[in-house]
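If you count the sequence shown from 1, position 194 lands on 194 in our numbering, and the numbers rise without skipping.
Simulated from the structure, these hints should not be mistaken for lab results. Note that the structure is predicted; figures quoted are calculated from it, not measured. Even for Gly, the Cβ is constructed at its ideal location relative to N, Cα and C. Be aware that one or more of the hints could be misleading.
Unchecked claim - Restraint-style ranges between C-beta atoms, simulated for each label pair:
id, residue 1, residue 2, range
1, Gln102, Ser75, 20 to 26 Å
2, Gly34, Leu74, 19 to 25 Å
3, Lys11, Ser94, 29 to 35 Å
4, Asp53, Lys11, 26 to 32 Å
5, Leu111, Ile84, 19 to 25 Å
6, Ala176, Gly110, 38 to 44 Å
7, Asn95, Thr123, 18 to 24 Å
8, Gln178, Gln157, 22 to 28 Å
9, Pro204, Ala33, 20 to 26 Å
10, Thr82, Gly133, 38 to 44 Å
11, Met13, Asp53, 34 to 40 Å
Unchecked claim - No farther apart than 27 Å at their CA atoms in a straight line, the calculated lysine-lysine pairs in the DSS-like style are these:
id, residue 1, residue 2
12, Lys206, Lys83
13, Lys187, Lys114
14, Lys83, Lys114
15, Lys115, Lys83
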Amino acid sequence: MPESDSPVWGKRMGFGQRPALLIVDLTRAFTEAGRPLGSSMPATLEATNALLDCAHNAEIPVIFTTVSYDSSDLSDAGIWITKIGGLEDLRSGSNGVDIAPQLHREERDGLLVKKYASCFFGTDLVSRLLSMGCDTLIMAGCSTSGCIRATAVDAIQYGFRPIVVEDAVADRWPEAHQQSLSDLQAKYADVLPLEDVLAHLEAPLKA
Numbered sequence: 001m002p003e004s005d006s007p008v009w010g011k012r013m014g015f016g017q018r019p020a021l022l023i024v025d026l027t028r029a030f031t032e033a034g035r036p037l038g039s040s041m042p043a044t045l046e047a048t049n050a051l052l053d054c055a056h057n058a059e060i061p062v063i064f065t066t067v068s069y070d071s072s073d074l075s076d077a078g079i080w081i082t083k084i085g086g087l088e089d090l091r092s093g094s095n096g097v098d099i100a101p102q103l104h105r106e107e108r109d110g111l112l113v114k115k116y117a118s119c120f121f122g123t124d125l126v127s128r129l130l131s132m133g134c135d136t137l138i139m140a141g142c143s144t145s146g147c148i149r150a151t152a153v154d155a156i157q158y159g160f161r162p163i164v165v166e167d168a169v170a171d172r173w174p175e176a177h178q179q180s181l182s183d184l185q186a187k188y189a190d191v192l193p194l195e196d197v198l199a200h201l202e203a204p205l206k207a
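Produce the entire structure from the sequences given, and follow the hints as far as they go.
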């Protein structure tokens, strides 16, 4: 996504000194089209694997997230359950909360369990990032208009540089996807193509 010509909107923040890669909610519930909350996103999974391979080679911390509800009546979803259906597929213990098997996940990768849109809300993500000395959050996953956007907004509010990888995020609604990317680039994050992010991560390895 191109940098804005406006002196106000869409300026480039750039990468900091220590990035972490956050893979948001690429679980079976969201990546398998036949499920209530699912949609097909093979290109997103492919781009995410490229990021994972690069991050692993460069010894960059990786954190996966999943949405999981412990209560049989989904009461730990709060009033969100009154807004959207399909949350039954996110019950703890169901395979809907499992990370998509196509992804190149390694044992050393972290796993963050959340219950709402932002990966920061009600979790220890800030503490994890600070303990690793991270100042930049590279983001892939779904959905662009939901959890990606909410997490990017919180990231910049907590003082982390959000980098949204354009090729590695997806949404079930194309219009919401494009609008969210434009809004993120204008106000909250650097929205960059996969090749630019890979080039940045690989640069120290080639030096």
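We went through each hint and held it up to the structure:
1. Gln102 <-> Ser75: 20 to 26 Å: Given range 20 to 26 Å: violated, Cβ gap about 32 Å.
2. Gly34 <-> Leu74: 19 to 25 Å: Check passed, 21 Å falls within 19 to 25 Å.
3. Lys11 <-> Ser94: 29 to 35 Å: violated, 43 Å
4. Asp53 <-> Lys11: 26 to 32 Å: Distance hint for Asp53, Lys11 holds at roughly 31 Å.
5. Leu111 <-> Ile84: 19 to 25 Å: holds, 24 Å
6. Ala176 <-> Gly110: 38 to 44 Å: violated, 28 Å
7. Asn95 <-> Thr123: 18 to 24 Å: holds, 22 Å
8. Gln178 <-> Gln157: 22 to 28 Å: holds, 24 Å
9. Pro204 <-> Ala33: 20 to 26 Å: This hint is violated: roughly 38 Å between Cβ atoms.
10. Thr82 <-> Gly133: 38 to 44 Å: Holds, at about 40 Å.
11. Met13 <-> Asp53: 34 to 40 Å: Violated, since Met13 and Asp53 (Cβ atoms, about 25 Å apart) do not stay within the stated range.
12. Lys206 <-> Lys83: Distance of about 49 Å is beyond 27 Å: violated.
13. Lys187 <-> Lys114: holds, 25 Å
14. Lys83 <-> Lys114: holds, 18 Å
15. Lys115 <-> Lys83: holds, 14 Å
When the structure is compared with the earlier hints, violations turn up for hints 1, 3, 6, 9, 11, 12 and for no others.
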